[in-house]
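Novice: Just need the whole structure built from these sequences, with the hints factored in.
Chains as they are written, first to last, in the numbering used here: chain F, 1 to 547; chain P, 1 to 316.
Calculated directly from the structure, the hints in this document are not laboratory data. Glycine is no exception: its CB is placed at the ideal position from the N, C-alpha and C atoms. Wrong hints could be hidden among the right ones.
[Claimed, not checked] Okay, the calculated bits of chain F under chain P, using three or more residues with CB under 8 Å as the criterion:
(1) 89 to 103
(2) 233 to 244
(3) 318 to 326
(4) 385 to 398
Each chain is listed here by its residues.
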Amino acid sequence: MRSGRAWVGAAFGLALASAAVLVLIPLAVLIRTSWVEGRGHLADVVSSPGFGSAVVHSFELSTAATLLAVPVGVAIALALRDPGLPGRAFWRVAVLLPVLVPDFVLGYSWLMAYARAGLTSELFGFAWLQIQGPVGVSVIVAANAVPLVYLIITVGLATRAEPTTERAARTSGAGPATVLWTITLPLLAPAIATAAVLVFVLSMGTFAIPQVVGAPAGFATITTHIYADLALGSNPQGFVEAITLALLLIVITLIVVAPTEKVLGGRLRIGRAAARDTDWPTSGRITRVIVTTALGLYLMITSGLPLLALLSASITRAIGVPSTPDNWTTDNFLTVLTPRTGYALGRSLLLALAAASILIVLGSLAAALGRTPGGRSLSVLITLTLVLPGSTLAIGLLIGYGRWLADTVVIILIAYLAKLWALAHRPMSAAVDRLPPASLHAARVSGAGMPTALATVVVPLLRPALIAAWGLCFLTALHEVTMSSLLYGPGSETLAVVVLNSADLGNVGATAALSVLVTAIVVLPGAALWVLTRPHAPRLSTHRPRA
Amino acid sequence: MGRGRRRIIWLAALLQLWLLTACGGSNPSSAQSITLYTCVNDTTIQPVLAQYQGTHPGTKVELFRAPTGQLNARVASDIRAGGLKADVIWACDPLTMQDYVTQGLVGGWTPETEIPATVRTPDYVGIAMLYLVAITHQGVKAPTSWSDLASAGKVAVPDPNLAASALGALGFFGPKFYADLKEHGAVQVGTPDDVTTGVAQGTYDAGITIANSAYAAQKKGSPITITWPKPGAVAIYGPVAISKTTKNAQAAQDFISYVTSRDGQTVIGSAGSYPTLPDVAGPEKPKGAPVVYPDWNAVTSHKAALLEDYAKIFGG
Chain F
1 MRSGRAWVGA
11 AFGLALASAA
21 VLVLIPLAVL
31 IRTSWVEGRG
41 HLADVVSSPG
51 FGSAVVHSFE
61 LSTAATLLAV
71 PVGVAIALAL
81 RDPGLPGRAF
91 WRVAVLLPVL
101 VPDFVLGYSW
111 LMAYARAGLT
121 SELFGFAWLQ
131 IQGPVGVSVI
141 VAANAVPLVY
151 LIITVGLATR
161 AEPTTERAAR
171 TSGAGPATVL
181 WTITLPLLAP
191 AIATAAVLVF
201 VLSMGTFAIP
211 QVVGAPAGFA
221 TITTHIYADL
231 ALGSNPQGFV
241 EAITLALLLI
251 VITLIVVAPT
261 EKVLGGRLRI
271 GRAAARDTDW
281 PTSGRITRVI
291 VTTALGLYLM
301 ITSGLPLLAL
311 LSASITRAIG
321 VPSTPDNWTT
331 DNFLTVLTPR
341 TGYALGRSLL
351 LALAAASILI
361 VLGSLAAALG
371 RTPGGRSLSV
381 LITLTLVLPG
391 STLAIGLLIG
401 YGRWLADTVV
411 IILIAYLAKL
421 WALAHRPMSA
431 AVDRLPPASL
441 HAARVSGAGM
451 PTALATVVVP
461 LLRPALIAAW
471 GLCFLTALHE
481 VTMSSLLYGP
491 GSETLAVVVL
501 NSADLGNVGA
511 TAALSVLVTA
521 IVVLPGAALW
531 VLTRPHAPRL
541 STHRPRA
Chain P
1 MGRGRRRIIW
11 LAALLQLWLL
21 TACGGSNPSS
31 AQSITLYTCV
41 NDTTIQPVLA
51 QYQGTHPGTK
61 VELFRAPTGQ
71 LNARVASDIR
81 AGGLKADVIW
91 ACDPLTMQDY
101 VTQGLVGGWT
111 PETEIPATVR
121 TPDYVGIAML
131 YLVAITHQGV
141 KAPTSWSDLA
151 SAGKVAVPDP
161 NLAASALGAL
171 GFFGPKFYAD
181 LKEHGAVQVG
191 TPDDVTTGVA
201 QGTYDAGITI
211 ANSAYAAQKK
221 GSPITITWPK
231 PGAVAIYGPV
241 AISKTTKNAQ
251 AAQDFISYVT
261 SRDGQTVIGS
271 AGSYPTLPDV
281 AGPEKPKGAP
291 VVYPDWNAVT
301 SHKAALLEDY
311 AKIFGG
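Specialist: This is the structure we're talking about:
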């Protein structure tokens with residue numbers, strides 16, 4: 001039987017090798033290009049018009065989105081603990097709806113719903129004119145980050161919370177607010193912190209929404225600047241400037257994220273099994289009514305209306321004509337349903353499946369290495385590729401691996417792995433604290449090899465986190481457009497290419513139809529995801545020694 | 001989950017990976033295969049390729065098509081990873097192509113053709129035209145000249161930092177035109193397509209956009225009016241050039257000769273882009289519609305100053 005040390009060594013080795021291939025080499029390539037070709041122009045980049053305000057805007061956006069999304073996500077996760085809440089099963093699915101809408105139609109669907117002459121204008125007679133500006137961008141980014149926060153907190157609740165302690169506190173006379181403040185939130189603190197970091201990082205790197213919704217109000221961010229640099233980047237200076245800006249974005253993120261990792265604190269070591277569903281207290285009738293109404297309104301505003309606007313655009317004959325039955329048509333879907341789309345979609349689905357499966361292994365690895373100094377550095381390192389704009393990461397991969405892997409699906413797969421590693425890691429790290437070392441040790445001492453011990457003791461405990469992480473990575477990889485459209489070749493066309501082709505000539509109807517199609521294809525596995533993400537606690541009987 | 005089931009899932013994952021790698025990758029480059037990099041929209045390029053490969057059965061054209069920003073990124077990355085992989089580049093504006101020529105990537109040969117000298121240089125030939133026109137939402141008074149645009153209501157303009165067509169317009173009109181628009185409440189959106197969508201939707205009253213996208217939306221039924229205001233619609237041409245490091249020079253030259261010939265130009269015209277060869281049918285263009293041509297050399301040399309002045313008007 002191999003010693004535990006050998007396994008830990010192997011884990012470190014695998015993590016290091018993956019980090020080198022996926023993160024270090026592309027970053028090194030980008031840094032070298034920027035240094036060799038652009039170090040003389042750094043002053044120009046920093047003093048170019050709009051650079052200062054772009055940095056400020058990126059910061060404002062990320063801070064606002066984090067401050068909005070985290071409390072809302074925590075509140076929803078706590079509210080949905082109540083086993084007696086009416087329609088609970090439905091709410092648990094509905095909260096995840098924003099994740100199903102691809103990035104490339106997100107901005108448009110909100111604009112079509114709320115801007116001047118949009119859906120609310122048609123139905124109710126008013127429009128949200130401030131949507132095109134910093135407020136609108138922050139709200140949309142936050143609304144789409146809430147499902148991530150919700151998933152991470154739910155995983156945290158399933159593995160870290162102590163409902164029996166809460167009951168004890170309530171019995172001793174503490175009010176609900178006191179219980180929340182003194183018991184629930186402190187236990188959830190690491191999960192909240194990891195979710196906050198994820199939302200901040202994702203908001204720093206977000207591009208599509210500021211581009212579509214923010215640009216008309218002059219709200220530029222670092223990411224839109226990078227895009228503009230590349231658009232006019234046919235000369236070396238523009239190209240290198242784009243890379244330099246991306247690296248600056250990374251430095252800024254590093255400054256914010258690295259200290260947070262240290263502050264997250266030591267691992268919580270508790271031997272008891274985690275909470276079961278039925279352990280949670282049920283709330284009173286009035287609370288339930290308030291919660292249900294609030295949830296309903298929230299979901300209608302953040303998911304319902306934009307999705308409705310999207311659906312309406314996909315079946316309407318042209319933009320600008322009212323969405324009435326005589327203007328409805330299947331033309332948009334027919335334009336999109338071609339064999340070429342079929343092949344591209346199939347390839348995208350396979351790539352997303354492969355990427356998600358590999359990513360949960362990598363994410364678990366990073367989570368397992370956890371609070372060791374090496375593990376902390378690793379978790380900071382992998383957030384860097386998450387924040388790096390897709391086009392720049394793709395450039396790094398092309399320059400680094402293009403000689404051998406250009407035009408293959410392998411380079412696209414590597415791109416997904418590099419970008420999304422942090423997305424798989426965060427939900428896992430929210431769960432991993434609850435691993436009972438005693439059970440694992442007992443299994444090993446009884447003769448189980450490490451793989452068996454891991455599979456029978458650890459995996460069942462981590463199941464909700466594994467499934468949440470897999471689902472997130474699958475959907476994000478499937479909807480990915482920027483990197484796939486830069487890295488593809490004749491035999492590796494993915495959905496991204498089809499999307500950009502239809503987005504050309506301003507064909508919003510066809511793009512909307514594509515996104516409806518992709519969503520429909522994903523909803524079936526999505527339903528499976530829902531069934532399996534109910535907090536799964538290991539039954540106490542598996543941990544009791546046989547009498 | 002049982003051990004057997006888990007093994008099956010691992011095997012399935014490995015199988016997927018193998019399938020992916022087997023299905024990926026391009027055909028090995030042969031004397032009868034050329035690689036084309038372009039930012040021209042898909043609806044134009046596909047018929048051209050289909051027609052070319054139909055009449056030249058020995059040649060295969062491998063296509064990489066992406067918006068200009070990603071095309072630039074791809075070309076720049078190629079150079080730093082062993083050399084440009086394209087044999088032919090078909091760009092969407094002269095600025096981009098001129099930059100490639102300055103870097104020594106493309107050029108040096110052009111075919112014999114009747115395409116006018118206003119849209120060609122010794123290194124590249126313009127094969128498709130774009131025109132920037134004015135559009136207005138139904139019910140809004142259409143401007144007869146560009147100076148009327150400011151009083152049309154809420155106007156949307158495309159971003160010259162994103163679209164070379166908008167940059168050409170900026171070079172032609174000068175920053176004062178845009179300052180005037182901004183004073184009357186104009187907003188800057190992203191690409192010309194965003195202008196079309198916004199004006200069609202009714203979010204904006206009027207805007208400057210590309211004729212193709214405007215006519216396409218109008219044909220579907222969007223409530224917009226298209227005008228070619230005086231002194232003229234701003235013309236941008238999309239040039240094609242041969243790579244200086246191509247290993248398939250003959251095949252590349254054949255392709256370029258084709259797209260500059262009457263046959264090729266006819267296909268381009270019927271696919272929805274305006275051809276550059278005179279007397280070839282193309283998309284809708286009103287009789288006697290005025291057209292103006294920016295001075296691309298001046299735009300190139302003053303690009304930084306133009307964008308800086310523009311940034312002062314519409315923000316960074």
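Novice: Look at each hint and say if it fits the structure.
Specialist: Verification of the supplied hints:
1. Counting residues of the region 89 to 103 of chain F whose CB lies closer than 8 Å to any CB of chain P gives 0, which falls below the minimum of 3, so the coverage claim is violated.
2. Judged by the Cβ-Cβ criterion of 8 Å, the region 233 to 244 of chain F is covered by chain P as claimed, because 7 of its residues qualify and three suffice.
3. Here's how the region 318 to 326 of chain F fares: 4 of its residues keep a CB closer than 8 Å to some CB of chain P, so the rule of at least three is met and the hint holds.
4. Given as covered by chain P, the region 385 to 398 of chain F passes the check, having 4 residues with a CB less than 8 Å from a CB of that chain where 3 are the minimum.
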